[in-house]
Structure formats: C-alpha cells, structure tokens
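Novice: Listed below are the residues making up each chain.
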Amino acid sequence: MKHKLIDIASVIRSKNSGPYELTFDIIFKDFETYQKVKQAHSINETNFAPLYKISNESIISLVYFDPAKAVKITIVRPLTSGALGETDVYGAQQHAPLMAMEIEF
Amino acid sequence: MEEIRILSPTAILGYGFPMESFTEGMKRKPHVIAVDAGSTDPGPYYLGVGKSFTDRNSVKRDLEIMIPAAIEAGIPVIIGTAGGSGGHPHVALTLDIVKEIAKEKSLSFKLAVIESELDKELIKQNLREGNIEPLFPAKQITESDVDESVRIVAQMGEEPFINALENGANVILAGRSYDPSVFSALAIKEGFDKGLAIHLGKILECAAIAALPGSGSDCMFGYLRKESFVLEPLSPLRKCTTLSVAAHTLYEKTNPYILPGPGGAINLHESKFTQISDNMVEVSGSKFVPTEQYFVKLEGVKKVGYRTISCAAVKDPVMISKIDSITQSVKERVINNFENYGIKDFFLDFKIYGKNGVMAMFDNLEEKVAHELLIIIEAVADTQEHADTICGFARSTMLHFGYEGRISTAGNLAFPFSPSDCKVGEVFEFNVYHLMKVEDPAGMFPVQYITFDKGN
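Residue numbers (this note's numbering), protein chains in the order written: chain A, 84 to 188; chain B, 18 to 473.
Keep in mind that the hints are not guaranteed to be accurate.
To be verified - Which residues of chain A face chain B? A few of them, derived with a C-beta cut under 8 Å, are:
#, residue
1, 100
2, 106
3, 188
Unchecked claim - Derived DSSO-like pairs: lysine-lysine, alpha-carbon spacing no greater than 30 Å straight-line:
#, chain 1, residue 1, chain 2, residue 2
4, A, 136, B, 348
5, B, 372, B, 348
6, B, 120, A, 87
7, A, 121, B, 304
8, B, 156, A, 136
9, B, 44, B, 120
10, B, 289, A, 121
11, A, 85, B, 385
12, A, 87, B, 385
13, B, 368, A, 136
Since the hints were derived computationally from the structure, they do not count as laboratory data. Backbone N, C-alpha and C fix where the C-beta goes; we use that ideal spot for every residue, glycine too.
Please build the complete structure, drawing on both the sequences and the hints.
Specialist: Here it is, written out as structure tokens:
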C-alpha cells in the first residue's frame, strides 16, 4: 500500500550537518509504522535521490535510527554553505519534496 | 564523586533564558555551568569578518547572570566557541564583555582565556608533513589555500579545559571548541565515563531544544552518574521524553550512531533511552571509541569580494511568464555594458522567490510559479564600488527592460525600499574543513590567566 510521508511522519526536516553536508530527518508518528517502513526499506537511496535530482553517490548515509523511530539521510551539499549562489544558509527549508514523497509498505 | 551535575542555561550564549529556570538550576547545586557560544550554521561571514552573529547586549545579559551566580556557588563557568566562531577577535570581544561585568559587579575570580586561531605557518608545516586531510566532501587543500584563508581555527576537545580547571580557573573563555567539550570537561577530569560525558554534552549543548516543546532559550540540567546520565528540563512547561532526546541525537549529525569528535567518536549502537519520570530521561550504553591518532577539526574561510543587493517584486503575469529569459538578457546587457570599461570580474545572480528560490541549490527541480515574485538582485565584485555598480546597473536595466509582449511600459519592478540597493559588505566562503593530526591535544591552544580582584 502507498503512503504519503506527510500522513505517517510527525517530523520532516532538513538542516546543515556542518557547511559541506545537508541532512534530512523523517521521524514517524508511531513505532509500528516505523518498523514496517524499516523492514520494507521503503525509503532508500533509489527513491530518495530522484526527489532532489541528485545521484546516488551524493548520498553519504541513509540510516534507520530505532531509538527515534526515524530515518536520516545525509547528502553532499550542492554547494558549501554560504558560497556564491546560496539560497538557504542554514539548510532548514530543503525538506518540502519529502513531504509529498509516497512510499510503499 | 558519585554524580556530576551540569547546568546548561541556553542553546547559544546570547539566546537568553528565563530567570525562573536558571534559579531552579542553581537550586540543584550544579558542579559547573557551561555554555556553547557558537556555530558554523550562520555561514562563513562571521569567522571571516571577526564579528559575532550574536548581539553584544544579549551575550552580556546572559553572562552577567551566569558569572556572579557561579562565583557565589564556588563553581566554574565554561564558555566554548566565544564570539560565535572562536577566532582571535571573537575571543577578544567576549573577553571585553567579561572584563566589563567583572568591573561593574566588583567580582574576584581567576579567568582562563584559551585561544584557537592557528598560525598559518604552523598549518602549512603540518600540510607539508602530511598531517592534514580533508573531511569529506571538502577537497584537499594546498599551501596557497591556507594563504588565501582569512582565518583558520581548530576545534579543541576537553583537554585544554581540564588543564585550565586544574590550574584553578573559575571562568574559562575558549575559542573554537567541539560543542560537547565545555560540558564534558569537568566530568572527564573527575574520571567519569567519556562516552556518557560526551553524549550528555551533545544534548546539553542545545539546552532545552531536546525537550518538548523545544526551546533554544531555556535551560536544561544534566546529572552524570557512573553508568548513565539523566536529563531534566528546568521549566515546568517542558518535558524530556525518550523521543525528544533520541530525536535530538539526530540533529545536525551525519549518522546518529557514530558521532565523531576530537580524538575519537561516540558510538550509540548500544544506547538506551528510558523515561524515569514525567519529565526526565535516562540514557545509558553510549561508548567512546578513541581513534588511533588524535585529530582536531580545522575551519577556515577566504574572502571572495563585496556584495550589494537590491530587492524588488514583480506582479505582471506577462513578465512572470518570461522571467528566466528576462534575467538572462539583463545579465548579458550588464556584461556587455562594462566589458570595455574594465569591470569584468563579478558574480551577478537573480534569486527568484516564488519560483523555486529556496531550493535553487538543486538543479532541474520541478517548479511551481506563484502569482507574484520577489527578486533579489545580487552582485559580488572585487570592491564594494564595483558591486554597487553592477547591482545598480542590473536593477535599472531590469526596471525598464523591454521584453517581448510587454504591456506595462512604465516600469517592471515594485521596490519596497528607497534606497533600493543595499551594501552588504565583505563576502566569505568556507575553504578549509579538514582534520589535522596532533601529538598533544592541548598543545596548540595557548592559555592565558587573568586574575580579577574586585573587578580589577
């Protein structure tokens, strides 16, 4: 069955992890849903990368973190924080495509 | 010693805290008050220009509560990443505030000032000796990159703080510090488990952000014991829950299971988060795994020029439909106009809010266009004067640009301000984000002691 992330997550956010990385957190509403997503590996490199039109190699890590019932994805920042062309110095408003993401489990 | 109690008043020095929470914290008889004063989040400008992203009055307000309270209780105050970035001018401006408070309140105490800005020659020597490696995804640097840097700081671990505590410092004011160090130093000095002490520091450095509801301007209290630590928010409005604490462990990190820092990493694979009361959480199982060699992180920025911006809005639907070709034509006109005049080396950008402005750092994303747009015209050039010229010329060209199908022939832009252009000043970029191997973890961070006697 397909689920929209915005319906099953309580937190969807982005932020710099240092000036060279951008990191995304998805925290699920309940442990049951999280376990299903984790078992099906419903969020993975292959369906995350197209959301941002980036290559799989740009994904530094994609980790399921049980204590917070969360998935964390860290990518190479398209440009170093504050470099010429910057649009979001803190990286705190890059999460919107994830809200509409549909996953299957 | 069975327990170390740590008061973290605020997420960043200058972000403030309610007096009621601070008083609750002091009632619990902390062994140390510690605070992180900085971050790289606000970008490269502050390290480069030597100013703080926090306001002087806000910082003084927090310190003039913390320092007298700690002196009265006979406990140390530890401040890390002074002045927001921890370079020499940042430490100096915070030192100035501490001196002012000492005088105004006639305080007597011993201050340790620990610097973290490194001599470029020292870095170049280490580069030649192969002691410096990039922190992925930064690239390897050369000696000319080091020369180009305006300022390079190194992040200190807990060792310089422990030295200062052993030398009887009542207040420690330090340059760039690994965020948890100011919280973990006393505990590690007293022989508490390093993994737990640093993990506790990781959470305390953001104060009440790890509580529910979260806040960057409220206190958090930590109790470190032999086998675990406990977190307690000090406002009755907030609670720590296993989820709020575990979720905070994710915050601003690459991988929540492995958190690297000076000399090693903490490993959270075995960490357990337990709710022990309505508002308190206990954490156990976090381990410190040292690296074979001791590395410190370097941060440096280079200057790339001067910036001028102009903000303007567009409502006309015809103009909105052609905005990309219009900005492209304006850019070409600007280049063409000054080519022979001699202003050639500049960066001109149009940030178009309402048409994928926020996420323009990602290429080719699907765009939804709003019914009105905010355009920020940005020029960066080698001098402020040239940046003014390029921005001003782009603005006037765009204002009267005769695009195809134009109906509104009086002007294309709605300016919210007069003057329309704004000088932003110097522009910097990060160019050093590297690890440097060191023999002595405290060796490169010189300490100076100042004794105050009734404020003098």
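Novice: Starting from residue 372/B, check that the Cα of residue 348/B is at most 30 Å away, please.
Specialist: holds (18 Å)
Novice: Within 30 Å, alpha carbon to alpha carbon, are residue 156/B and residue 136/A?
Specialist: Within the cut-off at roughly 23 Å; holds.
Novice: Between residue 136/A and residue 348/B, does the CA-CA distance stay at or below 30 Å?
Specialist: Roughly 27 Å separates the two Cα atoms, so the pair holds.
Novice: Is the hinted pair residue 85/A and residue 385/B satisfied, with a Cα-Cα distance of at most 30 Å?
Specialist: holds (24 Å)
Novice: Next pair to validate is residue 120/B with residue 87/A; report whether the Cα-Cα distance is within 30 Å.
Specialist: Judged against 30 Å, a Cα distance of about 60 Å means the pair is violated.
Novice: Would you mind confirming whether the straight-line C-alpha gap from residue 121/A to residue 304/B stays at or under 30 Å?
Specialist: holds (25 Å)
Novice: Keeping to a limit of 30 Å between CA atoms, is the pair of residue 368/B and residue 136/A held or broken?
Specialist: Given pair residue 368/B, residue 136/A holds - Cα atoms ~20 Å apart, limit 30 Å.
Novice: Is residue 289/B close enough to residue 121/A, meaning Cα to Cα at most 30 Å?
Specialist: OK: residue 289/B and residue 121/A at ~19 Å, within 30 Å.
Novice: Take a quick look at whether residue 44/B and residue 120/B sit within 30 Å of each other, Cα to Cα.
Specialist: Distance ~27 Å between residue 44/B and residue 120/B Cα, so the pair holds.
Novice: Are the Cα positions of residue 87/A and residue 385/B separated by 30 Å at most?
Specialist: holds (20 Å)
Novice: Any CB of chain B closer than 8 Å to the CB of residue 106/A?
Specialist: holds (7 Å)
Novice: Regarding the hint that residue 100/A lies at the interface with chain B, is the smallest CB-CB distance below 8 Å?
Specialist: holds (5 Å)
Checked against the numbered hints above, the structure breaks hints 3 and 6 and satisfies the rest.
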